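Novice: Since chain A is already given, all that's left is putting chain B on it; use the hints.
Residue numbers (the working numbering), protein chains in the order written: chain A, 1 to 113; chain B, 1 to 113.
No lab work stands behind these hints: they were computed from the structure.
Model, not experiment: these values are computed from the prediction.
To give an idea of the chain A side of the interface with chain B (calculated C-beta under 7 angstroms), a few residues: (1) TYR32; (2) PRO44; (3) PHE46; (4) SER93; (5) ASN98; (6) LEU105; (7) GLY106.
Label pairs and their computed distance ranges (CB to CB): (8) A:LEU11 / B:LEU41: 15 to 25 angstroms; (9) B:LYS65 / A:SER28: 28 to 38 angstroms; (10) B:SER80 / A:GLN14: 47 to 57 angstroms; (11) A:ALA41 / B:ASN84: 15 to 25 angstroms; (12) B:LYS71 / A:ILE18: 40 to 50 angstroms; (13) A:SER12 / B:VAL14: 37 to 47 angstroms; (14) A:LYS56 / B:LYS17: 45 to 55 angstroms.
Taking lysine-lysine pairs in the DSS-like style, the calculated list, with each CA pair at most 30 angstroms apart, reads: (15) A:LYS100 / A:LYS5; (16) A:LYS100 / B:LYS18; (17) A:LYS54 / A:LYS100; (18) B:LYS71 / B:LYS18; (19) B:LYS57 / B:LYS18; (20) A:LYS5 / A:LYS71; (21) A:LYS56 / A:LYS100; (22) A:LYS100 / B:LYS69; (23) B:LYS65 / A:LYS5; (24) A:LYS71 / A:LYS54; (25) B:LYS71 / B:LYS17; (26) A:LYS56 / A:LYS5; (27) B:LYS57 / A:LYS71; (28) B:LYS57 / B:LYS17; (29) B:LYS18 / B:LYS69; (30) B:LYS57 / A:LYS5; (31) B:LYS65 / A:LYS100; (32) B:LYS18 / B:LYS65; (33) A:LYS100 / A:LYS68; (34) A:LYS68 / A:LYS54; (35) B:LYS57 / A:LYS100; (36) A:LYS5 / A:LYS68; (37) B:LYS69 / B:LYS57; (38) B:LYS71 / A:LYS100.
The C-beta atom is built at its ideal place from N, Cα and C for all residues, glycine as well.
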Amino acid sequence: DQQVKQNSPSLSVQEGRISILNCDYTNSMFDYFLWYKKYPAEGPTFLISISSIKDKNEDGRFTVFLNKSAKHLSLHIVPSQPGDSAVYFCAASARADNRKLIWGLGTSLAVNP
Amino acid sequence: EAQVTQNPRYLITVTGKKLTVTCSQNMNHEYMSWYRQDPGLGLRQIYYSMNVEVTDKGDVPEGYKVSRKEKRNFPLILESPSPNQTSLYFCASSSRDPTDTQYFGPGTRLTVL
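Chain A on its own, in the form it takes in the complex (with noise of 0.2 angstroms):
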C-alpha cells in the first residue's frame, strides 16, 4: 500500500500561471519531507523540503505546504515557466527511521508557452 500518493500522474499549465503539484501521505509518523524535480534523460535533482514543524516553506518561485491535520502537502510554482516542465516527486521521511525514505509515483508537469 502507497504511504505517498501522488494522485494526479499529470499537470498541464500555462506559462506564468500558478502549479500546484499534491501530495498525500497516510503515516502519522512522517515529519519531513521533500521534492525533487526531474527532467528526461536526468538524474533527479532536489528541489525543496519541509519539517513538520513548519506549514510553509518558500524558495524563489517554489513553496511547499503541508497540512498535517489533513496528512497533505502541496508545492506551489509561481510564476510557472516552460523550464519548470518535468516530473515532480514527492517524499517522506520518518526522521525516528532516518534510513528509509518514502517516494510518491511522480506528476509530470507540462507548462505551455
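Specialist: Quick look at chain B alone, frame taken from chain A:
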C-alpha cells in the same frame, strides 16, 4: 565539480550474463543508494548503504547485489540478469542519510534481452 558518476550509461545485454554498473561520488558522502525507475512505478529503491561496509535492502532487492568497500564507490551487480530487470537505474548519494539532499547520477539504461 561535485558529482555522482555512473557507468555505463547504456547497456544492452542478454539473460544470464553477469554485469556490474559502477557508481562513484566525489563528495565524501556516507549515504549511497540505488534506484530503478519504471513507467508508472516511480522510483523504487533497490539497495542502500549508510556507510562503508554497511548495506541494506531497499524495496526491490531481488536479483541484485551491492558492495561498499570504499566510501566513494557503490557498484550494483546483477549476477544473472533477466528481462524484468530492464529499467532505468539511478545511483544517488547524500551526506548522512536519505533525508539530506540526495545527488543523483545521470542514470543507466539497461536492456536485458
